[in-house]
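Colleague: Given these sequences and hints, build the entire structure.
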Amino acid sequence: MRVLVVEDDPDLNRQLVTALTDAGYAVDKAMDGEEGYFLGETEPYDVIVLDIGLPKMDGISVLEQWRRADRNMHVIILTARDRWSDKVAGMDAGADDYVAKPFHMEELLARIRAQVRRATGHARAEIECGPLRLDTKTARVTLDGQPVKLTSHEYRLLAYLLHHNGRVVSRTELVEHLYEQDFDRDSNTIEVFVGRLRKKIPPYLIKTVRGLGYRLSPEQDEA
Amino acid sequence: MKLNSLAFRLFRTAAVWAVLVLPLAGFMIDWVHRQDIYKSFDARLSQLLTLNIAFATDHGGPEPKVPRNVGEPLFELAHSGWYWQITPLGSSPGKRLVSASLTSDRLRLPSSQGGKPDNNNIIWKDTPGPAGEPLRIAETLYNGGDDENPRFYSFLVAGNIEFAETRIAEFRVPLAFSLALAGLGLVLSTFLQVRYGLRPLHVIERRLAAIRSGQAQRLEGTLPAEIEPLQTELNALMQSNHNIIERARTQVGNLAHALKTPLAVITNEVANEDTPSARKVSEQAKVMRDQVQHYLDRARMAAHTGVIGRVTEVKPVAQSITRALERIYQDRRLDIVVDCPADLRFQGEKQDLEEMLGNLADNACKWAKSAVRVEVRSREGAKTGEAQRLIVAVDDDGPGLTPEQRAQGIKRGRRLDESKPGSGLGHSIVADLAQTYQGTFTLEASELGGLSARLELPSI
Numbered sequence: 653m654r655v656l657v658v659e660d661d662p663d664l665n666r667q668l669v670t671a672l673t674d675a676g677y678a679v680d681k682a683m684d685g686e687e688g689y690f691l692g693e694t695e696p697y698d699v700i701v702l703d704i705g706l707p708k709m710d711g712i713s714v715l716e717q718w719r720r721a722d723r724n725m726h727v728i729i730l731t732a733r734d735r736w737s738d739k740v741a742g743m744d745a746g747a748d749d750y751v752a753k754p755f756h757m758e759e760l761l762a763r764i765r766a767q768v769r770r771a772t773g774h775a776r777a778e779i780e781c782g783p784l785r786l787d788t789k790t791a792r793v794t795l796d797g798q799p800v801k802l803t804s805h806e807y808r809l810l811a812y813l814l815h816h817n818g819r820v821v822s823r824t825e826l827v828e829h830l831y832e833q834d835f836d837r838d839s840n841t842i843e844v845f846v847g848r849l850r851k852k853i854p855p856y857l858i859k860t861v862r863g864l865g866y867r868l869s870p871e872q873d874e875a
Numbered sequence: 042m043k044l045n046s047l048a049f050r051l052f053r054t055a056a057v058w059a060v061l062v063l064p065l066a067g068f069m070i071d072w073v074h075r076q077d078i079y080k081s082f083d084a085r086l087s088q089l090l091t092l093n094i095a096f097a098t099d100h101g102g103p104e105p106k107v108p109r110n111v112g113e114p115l116f117e118l119a120h121s122g123w124y125w126q127i128t129p130l131g132s133s134p135g136k137r138l139v140s141a142s143l144t145s146d147r148l149r150l151p152s153s154q155g156g157k158p159d160n161n162n163i164i165w166k167d168t169p170g171p172a173g174e175p176l177r178i179a180e181t182l183y184n185g186g187d188d189e190n191p192r193f194y195s196f197l198v199a200g201n202i203e204f205a206e207t208r209i210a211e212f213r214v215p216l217a218f219s220l221a222l223a224g225l226g227l228v229l230s231t232f233l234q235v236r237y238g239l240r241p242l243h244v245i246e247r248r249l250a251a252i253r254s255g256q257a258q259r260l261e262g263t264l265p266a267e268i269e270p271l272q273t274e275l276n277a278l279m280q281s282n283h284n285i286i287e288r289a290r291t292q293v294g295n296l297a298h299a300l301k302t303p304l305a306v307i308t309n310e311v312a313n314e315d316t317p318s319a320r321k322v323s324e325q326a327k328v329m330r331d332q333v334q335h336y337l338d339r340a341r342m343a344a345h346t347g348v349i350g351r352v353t354e355v356k357p358v359a360q361s362i363t364r365a366l367e368r369i370y371q372d373r374r375l376d377i378v379v380d381c382p383a384d385l386r387f388q389g390e391k392q393d394l395e396e397m398l399g400n401l402a403d404n405a406c407k408w409a410k411s412a413v414r415v416e417v418r419s420r421e422g423a424k425t426g427e428a429q430r431l432i433v434a435v436d437d438d439g440p441g442l443t444p445e446q447r448a449q450g451i452k453r454g455r456r457l458d459e460s461k462p463g464s465g466l467g468h469s470i471v472a473d474l475a476q477t478y479q480g481t482f483t484l485e486a487s488e489l490g491g492l493s494a495r496l497e498l499p500s501i
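Chains as they are written, first to last, in our numbering: chain A, 653 to 875; chain B, 42 to 501.
One or more of the hints may lead you astray.
To be verified - From the structure, some residues in chain B lie toward chain A, with a derived Cβ separation under 10 Å: (1) G294; (2) A299; (3) T302; (4) E310; (5) R330; (6) Q334; (7) V358; (8) I362; (9) Q392; (10) D393; (11) E396; (12) G399; (13) D403.
Honestly, the hints are just simulated from the structure, not real lab data.
Where a beta carbon is used, it is the ideal one built from N, C-alpha and C, also for glycine.
Modeller: Below, the structure written as structure tokens:
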């Protein structure tokens, strides 16, 4: 899952990026409204955390321009102006949720998870596929109740497939959603990680759909 | 009419004029008239005297004779009040001659009682006549001889003063009547002046009321030159008031942004550390956060205390808030119903209505199992003349609160359940705002099963 953080305060930006990376997201950052707008316009983010008070271009304008350009990613606005008039203005501009400053990081992470689930059509915090189970709250994957040890990249890949389970996901889509903007994007690395994952979970769960990509499904007879 | 009103001042001036000046004028006119009547009465007596002397002495004899009638028939009527008398003085020859009206009576000569002659050599005297009537006597001493052989005679003519007094009294009735009419006219014209002249002030009064009730933003329209500066100044004052509030709001918003971001950084920086100093920093950051919030709320409320002329349509506000909440709580699939007639208007700032409705509806959404209802109604004031009130009820079907919890729920900063996100200030902000608008905020049990938050606010 790829997240963009648009926040001009360097300390808060760093804290957000660290917390989100630790939670298993591929995170990009922008320090002002123009940079944020450009990244949101050009990169396929799953969720964007957008501060309202930004230099060069304020958050509400950034959001309005994205929505005008039919960019439909989920946006959570961060705002110090926490009156309802500000919240309503943010939501009317096209935000999906708001978090008022100062906030607890866990609360923001919970809101981001909720947006990711909403984006992929999952109502509950736990996502299952056969014996495989992902608790999005704790970012833990279990197989028949036993924890599966994963590296961060393996987790990102598996979490993305689990969120989109049952659907064919292309390698390009995976590259776009699993890696940060400045990551060396080589789709072969996806195959490497899929290979590693198949050693840690029952291999039949991740099906290769020739020429199209991968699909996560609990049925054993296909393959 | 109030005692300290302009209308009363004008009436008072008119009344003083009518009560003091008009009677004074009446007395003066009466006095001048009286003088005039007496002057013409004296002139008549003087004329009769001259004619009497002329007719008594024109025969050429050594002594005066009974003169022929000088044209006053009353000299012939007994005790008519009009008399003449010719009296030889000293050793002058002749008899005392009197008019027929004197019959056997005689008049005492003013000259023998020490009367002094005036410039025309006439001695005047007011005295009762033979029938007790008030007489005015004009007497002159006439020398019928020459300087060597003088023959002095006293000629006198008397007239009844009642004739003069009657004419004076007759004049007083129309005088008093006209003056009373003038006084009445004065009061009436003052009344009309007040009604007509002060009408622009009533116009201002009505327009100011319209501004207070939010139907207008400025004092519009053409007013008389005298109060036009007042109109200009009032408009400028209202604009300046509005600007100051806008500035205060902006400053408060800027302050909020300036303080809250560093607070977020501090809170998050120590969140994952479990050392005594990290705990202390975290604890103090929370205190700072609450304090900042508390004083920002105070500043916001102070900024609009006494703001006049703001009216907010309720339905669009309720709809935009529920639209926002529907998106925020999308996953919970809550059934959020707004029941609000389109014509309801809140007498106050839009931001404040949003704050109250937003907090209540947000709280309801946090706790609701499936349904939230926002119902707004208007109610006529309990007493006649009392302003219309807006009744807002936000209900949910959540677990609700016990009566004790409800009593505590509106106290500042108390969070009844720490498990739900939020600062816990929602209800107390609503209570404070409602109080600012002379409204009430109560928590009750809802018929939906959960909590019912009720607001009563001013409407128009």
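Colleague: Hint by hint, note whether the structure agrees.
Modeller: Do the hints match the structure? See the list:
Among the interface hints, the one on B:G294 holds; its C-beta lies about 5 Å from the nearest C-beta in chain A, closer than the 10 Å criterion. Checking B:A299 against chain A: minimum C-beta separation of about 8 Å stays under 10 Å; hint holds. Against a cut-off of 10 Å between C-beta atoms, the interface hint on B:T302 holds, since the closest Cβ of chain A lies about 5 Å away. The beta carbon of B:E310 comes within 7 Å of a beta carbon in chain A, closer than 10 Å, and the hint placing it at the interface holds.
Because the beta carbon of B:R330 sits about 5 Å from the nearest beta carbon in chain A, less than 10 Å, this interface hint is met. Interface hint status for B:Q334: upheld, as the beta-carbon distance to the closest one in chain A is roughly 8 Å, under 10 Å. The interface hint given for B:V358 is met, as the beta carbon of that residue sits about 8 Å from the closest beta carbon of chain A, less than 10 Å. Of the supplied interface hints, the one on B:I362 holds, with its beta-carbon coming within about 6 Å of a beta-carbon of chain A, less than 10 Å.
Interface restraint check: B:Q392 against chain A, minimum CB-CB distance 4 Å, threshold 10 Å, status holds. Hint on B:D393 holds. Least Cβ distance to chain A is approximately 9 Å, under the 10 Å limit. Residue-level restraint check for B:E396 holds (minimum Cβ-Cβ distance to chain A is 5 Å; threshold 10 Å). Against a cut-off of 10 Å between C-beta atoms, the interface hint on B:G399 holds, since the closest Cβ of chain A lies about 3 Å away.
A least Cβ separation of about 8 Å between B:D403 and chain A falls short of the 10 Å threshold, and the interface hint therefore holds.
Comparing the model with each numbered hint stated earlier shows that all of them hold.
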